[in-house]
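*Asks:* When you get a sec, could you build the whole thing from the sequences and use the hints?
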Amino acid sequence: MHENIHQNDDVLKMLDSFLREPAPFWDEFFSDREKAIPIFVNAPDENLVSYVEKGKVKRGKVLELGCGPGRNAVYLAEQGFEVDAVDVSKTSLDWAKERADERNLSINFLHQNIFDLNLKHVEYDFIYDSGCFHHIAPHRRMCYIRIVEDALKDEGCFGITCFLQGGKLGGADISDWEVYRRGSLMGGLGFTEEKLKNIFHSLEAVEIREMIDRDDPKISFGSSELLTGLFTKRCGGK
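Here the sequence shown is numbered in the working numbering, starting from 2 and rising by one per residue.
Everything labelled a hint here was simulated from the structure, so no lab data went into it. Please read these numbers as outputs of a predicted model, since none were measured by experiment. A portion of the hints provided could be inaccurate.
[Claimed, not checked] The calculated EDC-like cross-link candidates involving lysine to aspartate or glutamate, where the alpha carbons are at most 16 Å apart (straight line), are:
#, residue 1, residue 2
1, K196, E208
2, K219, E29
3, K91, E29
4, K154, E124
*Replies:* Set out below in C-alpha coordinates:
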(Lines of atoms letter the chains of each structure in order from A and count residues from 1; the text may use other names and numbers.)
(Lines give C-alpha, C1' and ligand atoms only; values in the text may rest on other atoms or scores of the structure.)
Protein backbone atom coordinates (compact mmCIF):
# COMPACT_ATOMS: atom_id res chain seq x y z
CA MET A 1 0.00 0.00 0.00
CA HIS A 2 2.72 2.48 1.02
CA GLU A 3 4.71 1.56 -2.08
CA ASN A 4 1.71 2.33 -4.31
CA ILE A 5 1.26 5.72 -2.62
CA HIS A 6 4.93 6.60 -3.20
CA GLN A 7 4.69 5.46 -6.83
CA ASN A 8 1.63 7.63 -7.33
CA ASP A 9 3.46 10.63 -5.81
CA ASP A 10 6.35 10.03 -8.18
CA VAL A 11 4.01 10.03 -11.18
CA LEU A 12 2.36 13.27 -10.04
CA LYS A 13 5.73 14.94 -9.57
CA MET A 14 6.88 13.70 -12.97
CA LEU A 15 3.81 15.24 -14.62
CA ASP A 16 4.34 18.44 -12.60
CA SER A 17 7.77 18.73 -14.23
CA PHE A 18 6.18 19.13 -17.68
CA LEU A 19 4.70 22.46 -16.56
CA ARG A 20 6.15 25.64 -15.08
CA GLU A 21 7.11 25.87 -11.41
CA PRO A 22 4.23 27.86 -9.84
CA ALA A 23 5.89 29.82 -7.00
CA PRO A 24 8.41 31.86 -9.06
CA PHE A 25 5.78 32.66 -11.68
CA TRP A 26 3.22 33.93 -9.16
CA ASP A 27 5.80 35.85 -7.14
CA GLU A 28 6.70 37.72 -10.31
CA PHE A 29 3.04 38.14 -11.27
CA PHE A 30 2.19 39.87 -7.98
CA SER A 31 5.41 41.88 -7.72
CA ASP A 32 4.09 44.94 -9.59
CA ARG A 33 0.97 46.11 -7.79
CA GLU A 34 0.33 48.88 -10.32
CA LYS A 35 -0.37 46.52 -13.22
CA ALA A 36 -3.86 46.74 -14.69
CA ILE A 37 -4.91 43.30 -13.49
CA PRO A 38 -8.64 42.95 -12.68
CA ILE A 39 -8.09 40.81 -9.58
CA PHE A 40 -5.70 43.38 -8.06
CA VAL A 41 -8.71 45.42 -6.91
CA ASN A 42 -9.27 45.45 -3.16
CA ALA A 43 -12.86 44.22 -3.26
CA PRO A 44 -14.51 40.79 -2.93
CA ASP A 45 -16.14 38.75 -5.69
CA GLU A 46 -19.77 39.73 -6.27
CA ASN A 47 -20.90 36.11 -6.09
CA LEU A 48 -19.16 35.64 -2.73
CA VAL A 49 -20.94 38.72 -1.38
CA SER A 50 -24.20 37.28 -2.71
CA TYR A 51 -23.62 33.93 -0.97
CA VAL A 52 -23.06 35.65 2.38
CA GLU A 53 -25.79 38.28 2.12
CA LYS A 54 -28.42 35.76 0.98
CA GLY A 55 -27.46 33.27 3.68
CA LYS A 56 -26.39 30.58 1.24
CA VAL A 57 -23.12 30.34 3.16
CA LYS A 58 -23.30 30.40 6.94
CA ARG A 59 -20.59 32.02 9.04
CA GLY A 60 -18.01 29.64 10.44
CA LYS A 61 -14.54 28.36 9.63
CA VAL A 62 -13.44 28.98 6.04
CA LEU A 63 -10.49 27.94 3.88
CA GLU A 64 -9.57 30.01 0.84
CA LEU A 65 -7.49 28.15 -1.75
CA GLY A 66 -5.15 30.44 -3.67
CA CYS A 67 -6.03 33.65 -1.84
CA GLY A 68 -3.71 35.94 -3.81
CA PRO A 69 -3.61 39.49 -2.35
CA GLY A 70 -6.36 38.55 0.10
CA ARG A 71 -9.34 40.57 -1.10
CA ASN A 72 -11.83 37.75 -0.48
CA ALA A 73 -10.15 36.59 2.74
CA VAL A 74 -10.36 40.15 4.09
CA TYR A 75 -14.07 40.36 3.22
CA LEU A 76 -14.84 37.03 4.89
CA ALA A 77 -12.94 38.01 8.03
CA GLU A 78 -14.88 41.29 8.14
CA GLN A 79 -18.10 39.28 7.93
CA GLY A 80 -17.19 37.27 11.01
CA PHE A 81 -15.67 34.15 9.44
CA GLU A 82 -12.62 32.43 10.94
CA VAL A 83 -10.31 32.46 7.93
CA ASP A 84 -7.44 30.25 6.82
CA ALA A 85 -6.05 31.51 3.49
CA VAL A 86 -3.35 29.69 1.54
CA ASP A 87 -1.22 30.69 -1.43
CA VAL A 88 1.99 29.45 -3.04
CA SER A 89 3.23 33.02 -3.57
CA LYS A 90 4.91 34.77 -0.65
CA THR A 91 4.72 38.05 -2.59
CA SER A 92 0.93 37.87 -2.78
CA LEU A 93 0.66 36.86 0.89
CA ASP A 94 2.77 39.84 1.97
CA TRP A 95 0.30 42.07 0.14
CA ALA A 96 -2.65 40.22 1.68
CA LYS A 97 -1.22 40.62 5.19
CA GLU A 98 -0.83 44.36 4.63
CA ARG A 99 -4.50 44.60 3.64
CA ALA A 100 -5.57 42.60 6.70
CA ASP A 101 -3.40 44.67 9.04
CA GLU A 102 -4.85 47.92 7.65
CA ARG A 103 -8.26 46.73 8.87
CA ASN A 104 -7.01 45.09 12.08
CA LEU A 105 -8.21 41.68 10.94
CA SER A 106 -6.93 38.33 12.18
CA ILE A 107 -6.42 35.96 9.24
CA ASN A 108 -4.32 32.81 9.27
CA PHE A 109 -2.26 33.14 6.07
CA LEU A 110 -0.46 29.96 4.98
CA HIS A 111 2.47 30.07 2.57
CA GLN A 112 2.14 26.64 0.97
CA ASN A 113 1.26 24.77 -2.16
CA ILE A 114 -2.32 23.61 -1.57
CA PHE A 115 -1.24 20.02 -2.26
CA ASP A 116 1.15 20.15 0.70
CA LEU A 117 -1.53 21.20 3.20
CA ASN A 118 -2.04 18.97 6.22
CA LEU A 119 -5.80 19.10 6.78
CA LYS A 120 -6.36 15.69 8.38
CA HIS A 121 -7.76 17.12 11.61
CA VAL A 122 -9.39 20.28 10.26
CA GLU A 123 -12.94 20.67 8.97
CA TYR A 124 -14.37 23.76 7.31
CA ASP A 125 -17.88 25.12 6.99
CA PHE A 126 -16.92 26.81 3.71
CA ILE A 127 -14.12 26.42 1.18
CA TYR A 128 -13.67 29.10 -1.47
CA ASP A 129 -11.51 29.31 -4.57
CA SER A 130 -11.34 32.40 -6.76
CA GLY A 131 -8.93 31.85 -9.63
CA CYS A 132 -6.90 28.89 -8.37
CA PHE A 133 -8.63 25.88 -9.92
CA HIS A 134 -8.25 26.97 -13.54
CA HIS A 135 -4.47 26.92 -12.98
CA ILE A 136 -4.55 23.33 -11.68
CA ALA A 137 -3.17 20.76 -14.13
CA PRO A 138 -5.46 17.85 -15.10
CA HIS A 139 -3.36 15.26 -13.26
CA ARG A 140 -3.80 17.21 -10.00
CA ARG A 141 -7.58 17.51 -10.31
CA MET A 142 -8.36 14.42 -8.23
CA CYS A 143 -5.98 15.64 -5.51
CA TYR A 144 -7.81 18.98 -5.52
CA ILE A 145 -11.22 17.34 -5.26
CA ARG A 146 -9.98 15.15 -2.41
CA ILE A 147 -8.80 18.25 -0.51
CA VAL A 148 -12.27 19.77 -0.81
CA GLU A 149 -14.15 16.57 0.06
CA ASP A 150 -11.94 15.70 3.05
CA ALA A 151 -11.73 19.20 4.54
CA LEU A 152 -15.38 20.16 4.12
CA LYS A 153 -17.93 19.40 6.84
CA ASP A 154 -21.12 17.59 5.93
CA GLU A 155 -23.57 20.18 4.54
CA GLY A 156 -20.66 22.60 4.22
CA CYS A 157 -20.30 24.72 1.08
CA PHE A 158 -17.68 24.93 -1.65
CA GLY A 159 -17.58 28.01 -3.86
CA ILE A 160 -15.52 28.53 -6.99
CA THR A 161 -14.83 31.31 -9.49
CA CYS A 162 -12.96 30.26 -12.61
CA PHE A 163 -12.36 31.15 -16.23
CA LEU A 164 -15.33 30.77 -18.53
CA GLN A 165 -14.34 28.63 -21.48
CA GLY A 166 -13.35 30.97 -24.30
CA GLY A 167 -13.73 34.04 -22.09
CA LYS A 168 -11.82 37.25 -22.77
CA LEU A 169 -9.95 37.15 -19.44
CA GLY A 170 -8.71 33.62 -20.12
CA GLY A 171 -10.21 30.19 -20.40
CA ALA A 172 -8.31 28.02 -22.86
CA ASP A 173 -10.51 25.50 -24.66
CA ILE A 174 -8.00 22.67 -24.99
CA SER A 175 -8.07 19.00 -24.08
CA ASP A 176 -6.22 17.57 -21.10
CA TRP A 177 -3.91 15.77 -23.51
CA GLU A 178 -3.12 19.07 -25.24
CA VAL A 179 -1.95 20.56 -21.93
CA TYR A 180 0.95 18.10 -21.82
CA ARG A 181 1.69 18.24 -25.55
CA ARG A 182 2.13 22.00 -25.24
CA GLY A 183 3.61 21.89 -21.75
CA SER A 184 1.29 24.72 -20.76
CA LEU A 185 -2.15 25.50 -19.35
CA MET A 186 -2.27 28.36 -21.88
CA GLY A 187 -2.83 30.99 -19.20
CA GLY A 188 -5.58 29.02 -17.47
CA LEU A 189 -8.12 26.41 -18.50
CA GLY A 190 -11.71 27.33 -19.28
CA PHE A 191 -14.80 25.63 -17.90
CA THR A 192 -18.51 25.38 -18.60
CA GLU A 193 -21.44 24.66 -16.29
CA GLU A 194 -21.49 21.06 -17.50
CA LYS A 195 -17.76 20.61 -16.89
CA LEU A 196 -17.98 21.95 -13.34
CA LYS A 197 -20.91 19.65 -12.57
CA ASN A 198 -19.01 16.66 -13.92
CA ILE A 199 -15.77 17.46 -12.09
CA PHE A 200 -17.48 18.13 -8.75
CA HIS A 201 -20.16 15.47 -9.18
CA SER A 202 -19.64 14.19 -5.63
CA LEU A 203 -21.03 17.53 -4.39
CA GLU A 204 -24.52 18.92 -4.91
CA ALA A 205 -24.69 21.94 -7.20
CA VAL A 206 -26.61 24.84 -5.65
CA GLU A 207 -25.89 27.52 -8.24
CA ILE A 208 -23.69 27.75 -11.33
CA ARG A 209 -23.75 30.97 -13.31
CA GLU A 210 -21.68 33.60 -15.05
CA MET A 211 -20.36 36.31 -12.79
CA ILE A 212 -22.29 39.58 -12.91
CA ASP A 213 -20.41 42.59 -14.25
CA ARG A 214 -19.70 45.24 -11.63
CA ASP A 215 -18.82 48.84 -12.48
CA ASP A 216 -17.58 49.96 -9.05
CA PRO A 217 -14.48 47.94 -8.06
CA LYS A 218 -14.46 49.55 -4.62
CA ILE A 219 -17.63 47.65 -3.67
CA SER A 220 -17.24 44.28 -5.37
CA PHE A 221 -15.51 42.65 -8.31
CA GLY A 222 -17.51 41.11 -11.13
CA SER A 223 -16.87 40.07 -14.73
CA SER A 224 -19.21 38.06 -16.95
CA GLU A 225 -16.09 36.50 -18.50
CA LEU A 226 -15.84 34.32 -15.37
CA LEU A 227 -17.92 31.37 -14.22
CA THR A 228 -19.05 30.86 -10.62
CA GLY A 229 -20.30 27.81 -8.79
CA LEU A 230 -21.62 26.99 -5.34
CA PHE A 231 -21.86 23.39 -4.13
CA THR A 232 -22.75 21.63 -0.88
CA LYS A 233 -21.39 18.42 0.59
CA ARG A 234 -24.09 15.84 1.21
CA CYS A 235 -24.24 14.16 4.62
CA GLY A 236 -21.78 11.28 4.61
CA GLY A 237 -20.37 12.59 1.31
CA LYS A 238 -23.21 10.92 -0.61
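*Asks:* Now look at each hint and say whether the structure bears it out.
*Replies:* Status of each hint after checking the structure:
1. For the hint linking K196 to E208, the alpha-carbon distance of about 14 Å falls within 16 Å, and the restraint holds.
2. Pair hint K219 plus E29 does not hold up; C-alpha atoms about 25 Å apart against a cutoff of 16 Å.
3. With a C-alpha separation of about 10 Å, the suggested pair K91 and E29 falls inside the 16 Å cut-off, and the hint holds.
4. For the suggested pair K154 and E124, the alpha carbons sit about 6 Å apart, so the restraint of at most 16 Å is met.
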